[in-house]
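Colleague: Quick note, the sequences are listed as chains A and B, same order. In terms of numbering that gives the first Met the number 0, the first sequence has 174 at position 175, counting the first letter as 1, and numbering is strictly consecutive. In terms of numbering that gives the first Met the number 0, the second sequence has 56 at position 57, counting the first letter as 1, and numbering is strictly consecutive.
Just so you know, these hints were derived from the structure itself, not from any lab. Check the hints yourself; a few may be wrong.
[Said to hold, decoys possible] Some residues of chain A that are not near chain B, with every Cβ distance over 12 Å (derived): (1) Arg-33; (2) Val-191; (3) Leu-297.
[Unchecked claim] Derived CB-CB ranges, DEER-like: (4) B:Glu-4 x A:Leu-52: 47 to 57 Å; (5) B:Asp-149 x A:Val-183: 28 to 38 Å; (6) A:Asp-306 x B:Ala-200: 18 to 28 Å; (7) B:Gly-317 x A:Ala-13: 38 to 48 Å.
Cβ coordinates follow ideal geometry from the N, Cα and C atoms, glycine included.
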Amino acid sequence: MIQALNRALHDAMAADGSVVVFGEDVGPLGGVFRVTDGLTATFGENRCFDTPLAESGIVGMAVGMAMNGLRPVVEMQFDAFAFPAFEQIVSHVAKLANRTRGRVRLPMVIRVPYGGGIGGVEHHSDSSEAYYAHTPGLLVVTPATNTDAYGLLRAAIEHPDPVVFLEPKRQYFTREELDPEPAVPPIGRAVVRRDGRDATLIAYGPSVPVALAAAEQAATEGRDLGVVDLRSIVPFDDETVTAAVRRTGRAVVVAEAPGFASVASEIAARVSERCFHHLEAPVRRVTGFDVPYPPPRLEQHHLPGVDRILDAVDDLQWEIA
Amino acid sequence: MSSGEVAQMMRLIDETGAVVGDGATLPAPEALLDGYRRLVLARRLNEQAEALVRQGRLAVYPSSHGQEACQVAAAAVLAETDWLFPTYRDVAAIAARGVDPVDVLVMLRGDWHCGYDPLATRVAPQATPLATQLPHAVGVGHAARLKGEDTVVMALCGDGATSEGDFHEALNFAAVFASPVVFLVQNNKYAISVPLSRQSAAESLAAKGVGYGVPGVRVDGNDLAALTVVLSEAVARARRGEGPTLVEADTYRIHAHTNADDPSRYRADDEVEKWRPRDPLLRLRAHLTTTGALTSRLEAEFAAAAEEMAAHVRAGMGGESVLDPAELFAHVYSTPTPQLREQAALLAAELNEVRS
Numbered sequence: 000m001i002q003a004l005n006r007a008l009h010d011a012m013a014a015d016g017s018v019v020v021f022g023e024d025v026g027p028l029g030g031v032f033r034v035t036d037g038l039t040a041t042f043g044e045n046r047c048f049d050t051p052l053a054e055s056g057i058v059g060m061a062v063g064m065a066m067n068g069l070r071p072v073v074e075m076q077f078d079a080f081a082f083p084a085f086e087q088i089v090s091h092v093a094k095l096a097n098r099t100r101g102r103v104r105l106p107m108v109i110r111v112p113y114g115g116g117i118g119g120v121e122h123h124s125d126s127s128e129a130y131y132a133h134t135p136g137l138l139v140v141t142p143a144t145n146t147d148a149y150g151l152l153r154a155a156i157e158h159p160d161p162v163v164f165l166e167p168k169r170q171y172f173t174r175e176e177l178d179p180e181p182a183v184p185p186i187g188r189a190v191v192r193r194d195g196r197d198a199t200l201i202a203y204g205p206s207v208p209v210a211l212a213a214a215e216q217a218a219t220e221g222r223d224l225g226v227v228d229l230r231s232i233v234p235f236d237d238e239t240v241t242a243a244v245r246r247t248g249r250a251v252v253v254a255e256a257p258g259f260a261s262v263a264s265e266i267a268a269r270v271s272e273r274c275f276h277h278l279e280a281p282v283r284r285v286t287g288f289d290v291p292y293p294p295p296r297l298e299q300h301h302l303p304g305v306d307r308i309l310d311a312v313d314d315l316q317w318e319i320a
Numbered sequence: 000m001s002s003g004e005v006a007q008m009m010r011l012i013d014e015t016g017a018v019v020g021d022g023a024t025l026p027a028p029e030a031l032l033d034g035y036r037r038l039v040l041a042r043r044l045n046e047q048a049e050a051l052v053r054q055g056r057l058a059v060y061p062s063s064h065g066q067e068a069c070q071v072a073a074a075a076v077l078a079e080t081d082w083l084f085p086t087y088r089d090v091a092a093i094a095a096r097g098v099d100p101v102d103v104l105v106m107l108r109g110d111w112h113c114g115y116d117p118l119a120t121r122v123a124p125q126a127t128p129l130a131t132q133l134p135h136a137v138g139v140g141h142a143a144r145l146k147g148e149d150t151v152v153m154a155l156c157g158d159g160a161t162s163e164g165d166f167h168e169a170l171n172f173a174a175v176f177a178s179p180v181v182f183l184v185q186n187n188k189y190a191i192s193v194p195l196s197r198q199s200a201a202e203s204l205a206a207k208g209v210g211y212g213v214p215g216v217r218v219d220g221n222d223l224a225a226l227t228v229v230l231s232e233a234v235a236r237a238r239r240g241e242g243p244t245l246v247e248a249d250t251y252r253i254h255a256h257t258n259a260d261d262p263s264r265y266r267a268d269d270e271v272e273k274w275r276p277r278d279p280l281l282r283l284r285a286h287l288t289t290t291g292a293l294t295s296r297l298e299a300e301f302a303a304a305a306e307e308m309a310a311h312v313r314a315g316m317g318g319e320s321v322l323d324p325a326e327l328f329a330h331v332y333s334t335p336t337p338q339l340r341e342q343a344a345l346l347a348a349e350l351n352e353v354r355s
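Take these sequences, add in the hints, and give me the full structure.
Modeller: The structure is reproduced here in structure tokens:
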């Protein structure tokens, strides 16, 4: 996925001279994950540059640069390192267009490598999507495939509104051949990754491959599970999700963030409200526990895995149906 | 100018209106006269807005009474293509920049969060979370520099805001990128109720620039002449590409934090009384009267223009503004999400039921 993101940044900067990339270590080093590799060399240090180590300053400066006609793409080095910028994101990035009655739009992207499963020490594995999704004015997207990583990042950079772009670092090192001209999907559309008759798994970002693996396993046990990949948390694609759940009558939401007051909870509530008469069982959530992100040697117990997903599927009141 | 030390406070006209020193750097008499005219307008705007609060026409007003020299100078030294980043207390500065005060007061009337067009006026929305606008100012300046434009950004904040992290991050970023930003701290001695001594143990607030390699300058914040000279030089320096300057203006908030505040709980009346003779209008009027530049005819002209402006503000704030509830959903995104369209329909249906 790193190569797909890197190519998206290269292509976006080549296509539009107002796109600028900055953050911590994103210059000559190319970022700690190398997502910005080669950008400074190709486009010069006015287009891709290192900043002092201060996330609020980075996001705040991006706000001003977007006000003055540029399209900043900033990197927060890790999920939990973005929290010093929280006030800038919530009070300014999200609100400036609304405050000014649409006169000042902020076409900017905040890239956040997020989520666990990489054996990171504390503060390197948070799933922070609920904070952003709860904040009106932000678009929140997260790719699950390399093709979508490319396409969604291009779409995010071209979008007139600010986008929080969550990169599942668990998938940074997955390799997948990209088309010569990968598709650029619209932000706000989910995609059905796998059709199924019996139940629908709803997932996003790092949980999509886990849900697909669970569906594979279920198939060997005689259950046909569909998988919906949200791609975009905000705007939320009620249409695709609702249609998929109505076909199967059963749904499990999979996400690795703590479940309480989470995106998974929101999805479960929306599906219950919209599909109630089609449901054969309550919507289940399979999420991380409501604990601070665990140390590396315990994280496998926290992250939703295939077994936990299939246990939830088993609980969907099949005997009544 | 060395960035390693802060020079003595700059003052050109003292409290009696007398010129300090040889007067070599004093702005031209016409400039001072025009500055005085602007001070009269700014004072009148403060008074009118406070009256509107008492009449229930404004929800709240943080007055800059006593700080009008800072308000006027901050706007007057800018070119049309420059930017101003104001706080909630800087209504008079925005008006001095040429924005219709009726549009500025839209926020404090409670109609919308910002009533003017920031891009057309080159005035950012008023910031209420302290110091958060300062990194934006750096970004506007840095973007201008990348685009090859000679724009300068005037960023305002108060003494309390110098304790906020964003103040420090903005100074540091501006210094590292040599951004064309002038940081003007209006040190009015109080952050609501907390006095400067509880805000900072630094020798001065201008001294805070030293650690970032930003020159710090102290200026008498009630001396329009000194402010004009100091801020003009800082703007010129930024325009030459030599980077940011931190200017600390020594002034005083004569009135309460807002109409909702009770300053008797945290400061003594005699402290306020000591500052009244240092009023920026009294001082400049005394000077201009002594030199003969300010005649009684001009004084009457300025007062009449101020009354005209106040009448315009009263008229603009007088009627009941018509607000459209559908606007709640209109600007959140460039295109409303499906969820916002549903919610807009829900509210519209509720309003139809109420009407029918």
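Colleague: Does Val-191 of chain A clear chain B by more than 12 Å, comparing its Cβ with all Cβ atoms of that chain?
Modeller: holds (18 Å)
Colleague: Confirm or reject the claim that Glu-4 of chain B and Leu-52 of chain A have a C-beta distance inside 47 to 57 Å.
Modeller: violated (27 Å)
Colleague: For the pair Asp-149 of chain B and Val-183 of chain A, does the Cβ-Cβ distance stay inside 28 to 38 Å?
Modeller: holds (37 Å)
Colleague: Taking the Cβ atom of Asp-306 of chain A and the Cβ atom of Ala-200 of chain B, is their distance within the range 18 to 28 Å?
Modeller: violated (58 Å)
Colleague: Using Cβ atoms and 12 Å as the threshold, tell me whether Arg-33 of chain A really stays out of contact range of chain B.
Modeller: holds (24 Å)
Colleague: Measuring Cβ to Cβ, find out whether Leu-297 of chain A lies farther than 12 Å from everything in chain B.
Modeller: holds (33 Å)
Colleague: Between Gly-317 of chain B and Ala-13 of chain A, does the beta-carbon spacing fit 38 to 48 Å?
Modeller: Violated, at about 55 Å.
In the structure shown, a violation is registered for the earlier hints numbered 4, 6 and 7, in ascending order.
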